[in-house]
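J.: Here are the chains, one letter per residue:
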Amino acid sequence: MVIRSHALIADLMTQEKIHGLAESGTIEEFIKRLSGTQYEGITIGEGGDPSITLEKEFYLKFIERMTKIVDIAPKKLGEFLQAYYYLRFEMINLKRILRGKFSELPVSEILGYLIPMEPYQVPDYEGLVEAETFERTVDMLGDTPYSGVEASLEFCKQYDVLWPMVQSLNHLYATAVLKSLDSLPRRDRTLIRNILRFEVNVENLLNAIKHRRMRQDDEEDRRLEELFPITFDIDLHQIRALIDSEDLKSAIEDLGEPFSDILTPIYEGDVALIRARVRRHTLKIVEQGRSVNDFGFNVIMAYLIFSELEKDDLVGIAWGITQGISAEEMTKYLAVA
Amino acid sequence: MSATTGIRPTKGYLMEMKRRIGFIERGTEFLKLKRDHLAKELTTSLDELKGRRSKLLENLRIAYRAVTAAYISLGPTEVRSQASSIKNRLELEVLPRSVMGVRYPYIKVEKEPQIAGELDITLSEAAGKVLGILEDILKLAEFEARAERIADELGKTNRKVNALENTIIPRYKRIIKFIEDKLDEESLEELVRMKLIGGALARRRV
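Those sequence lines, one after another, are chains A and P. Taking the numbering used here, the leading residue of the first sequence gets 1, the next gets one more, and so forth. Taking the numbering used here, the leading residue of the second sequence gets 338, the next gets one more, and so forth.
Just so you know, the hints here were simulated from the structure itself, not pulled from any lab data. Mixed in with the good hints there might be a few duds.
To be verified - With a Cα cut of at most 20 Å, we get these calculated DMTMM-like pairs of lysine to aspartate or glutamate:
| # | chain 1 | residue 1 | chain 2 | residue 2 |
| --- | --- | --- | --- | --- |
| 1 | A | K61 | A | E308 |
| 2 | A | K157 | A | D124 |
| 3 | A | K68 | A | E79 |
| 4 | P | K424 | A | D233 |
| 5 | P | K466 | A | E79 |
| 6 | P | K424 | A | D11 |
| 7 | P | K466 | A | E132 |
| 8 | P | K424 | A | E104 |
| 9 | P | K448 | A | D160 |
| 10 | P | K424 | A | D270 |
| 11 | P | K510 | P | E526 |
| 12 | P | K355 | P | E449 |
| 13 | A | K157 | A | E135 |
| 14 | A | K210 | P | E449 |
| 15 | P | K466 | A | E308 |
| 16 | P | K476 | P | E385 |
| 17 | P | K424 | A | E268 |
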C-alpha cells in the first residue's frame, strides 16, 4: 500500500502541469489539457455554470481516490481515513445545509450546494434540507453525533446569527478527529495531530480577527472559552490579546512563526493569500512528516492531502478560467502552483 | 394662416396684447435665469460625476480582485453558500429631492448587512470592500440620475426660451404692430374723413 501510495503521488500533477492548466484560456481548452491526466473523461454538459459542474467532478474524483485507498488499507487505518475525510466533507455539507435553512433558501438550491457524497453520520441530507424550519433541522441533528450543535441554537436565535453553530461544528470535527486518532498506532498519530493542531490554531486566530472586527460585546466576552473550546499552541490569552490589541500588526507579529507569516496578508491587504499560505504550510507539514517516515502511514496521508490540495487548486483554476482571470493572478492563490 | 388672421384691431385688444407680451417677456427672463442656473448645476454635476466615477472604478477594481481571490481560494460553491447565510440584507430608501423644480431620487441606506461573523475572513474582506464602495455606487447613481434629469429639464427650458424668443414674442410683436398700424390707418382715415366733412360743411355755409 505504501509503495502504491508512492506511485500515486508520482501520478499527481506537478507544479508545471498546474501552471499549464491555469494558462488554458478557455474552459474547453482546460478540459482538453486535463484529458492527458487522471481527470480524463470529465465533461461539463450543457447549461449551468461549468465551474460548479467541474467542482463537483473534482470532488467526486477525490472521493474516488480516497475510497480506493480506504478499500486497500488495513481495517483500523481504513476506518480512520474514512472518518477523517467523510467527517470533513459531511461537516462542509452540514454547514451548507444549516446556512441554507437559516436564510430560508429553496430546497433545490441548498441541495445544489452539497458535496456529492453519501451521508456519513446523518441518515440523509434530503431530510435535513426538507425540514420545515431551521430549528427543525437542528432538532433532527439531535439524534446524530452532531447533537452538540443544539446547544448553540438559543444563542443563534437570540442574535439572529449562525456563526456560533458553525464554530460548534468545527469543534465537533476537531474533537472527533482527535478521538479517532486513538485507533491509529502511536507512531502514525503525529502527522494528523500536527495538521489538526495547525488547522485549529489558524481557525482560532482567524475567528479572533473576525471578533475583533465585530467589536465584540460583553456577551461575547463572557463566552470566549465557549467560542474557542479547543486551543493548542495559541492559547486563550493570546487570542484575547489579538482581539483587544490596538495594533493588529504587532499583535500578529507577537504570535511568532508560522502564524505571523501566514497572517501577514491581513495588514498587507490581500487577505485571500492567507488561505493559500495555510495550504502551503499544510504541504510543508506533510513533507516534514515524510522526511521522518517515508515508508508508512505518512506517505498514504501525504497522497490524500496532496490530492485534496490538487482538487482545491483545480476548482480555483476552473472558476478563474470561466471568469477570464489571468493565470498569473490565479496562481497567487493556489497551493501547488 | 397669417398671425394676424382674425385679430380685432381695437385699442382694448392692443392693450391686452401689450399686457400679455410684457408678461411673456418677464417669463422669458425667468426661464433664462432658470436655464443658466440649470446649466451651472449640470456642469457641477458632470464634474462631480467624472471625479466620482474614476475613483469608483479604481475601488471597484480592488473589490473585484478581492472577490476573485475569495472565489479562487474557497471555491464557487462555498462562496455562494456562505454568501447565502447573510440574513440582514441591504435595505435602501429612495426619497425625492429637487433642484430648481427638477425632482431626482436621493438614496438613503437604511440597513447594512452584517457580514463579519458569518463569512470566512477571505470572503468577509471581499464583502467589506464591496460594501465600502456601495455608498459610492449609490451616490454615483444618484448623481447620474440628477445630471440626466437636469440635462433633460435644461433641454426643455432651452426649447421654451427659444420658442418664446423666436416665435411667440415676434408673433405678438407682429400682432401689436398690425393693430397699431390698423389703428393709425383708421385714425388717419378718420382725420381725412373729418377734413373732407369739414370742407364740405364749409362750402355749404358759403
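J.: Would you mind marking each hint as holding or not holding in the structure?
T.: Tested hints:
no.: 1; hint: K61(A) to E308(A); in the structure: holds, 10 Å
no.: 2; hint: K157(A) to D124(A); in the structure: violated, 25 Å
no.: 3; hint: K68(A) to E79(A); in the structure: holds, 13 Å
no.: 4; hint: K424(P) to D233(A); in the structure: violated, 34 Å
no.: 5; hint: K466(P) to E79(A); in the structure: violated, 44 Å
no.: 6; hint: K424(P) to D11(A); in the structure: violated, 44 Å
no.: 7; hint: K466(P) to E132(A); in the structure: violated, 35 Å
no.: 8; hint: K424(P) to E104(A); in the structure: holds, 9 Å
no.: 9; hint: K448(P) to D160(A); in the structure: holds, 15 Å
no.: 10; hint: K424(P) to D270(A); in the structure: violated, 26 Å
no.: 11; hint: K510(P) to E526(P); in the structure: violated, 24 Å
no.: 12; hint: K355(P) to E449(P); in the structure: violated, 61 Å
no.: 13; hint: K157(A) to E135(A); in the structure: holds, 9 Å
no.: 14; hint: K210(A) to E449(P); in the structure: holds, 17 Å
no.: 15; hint: K466(P) to E308(A); in the structure: violated, 30 Å
no.: 16; hint: K476(P) to E385(P); in the structure: holds, 10 Å
no.: 17; hint: K424(P) to E268(A); in the structure: violated, 30 Å
The structure is inconsistent with the numbered hints 2, 4, 5, 6, 7, 10, 11, 12, 15 and 17, although it conforms to all the rest.
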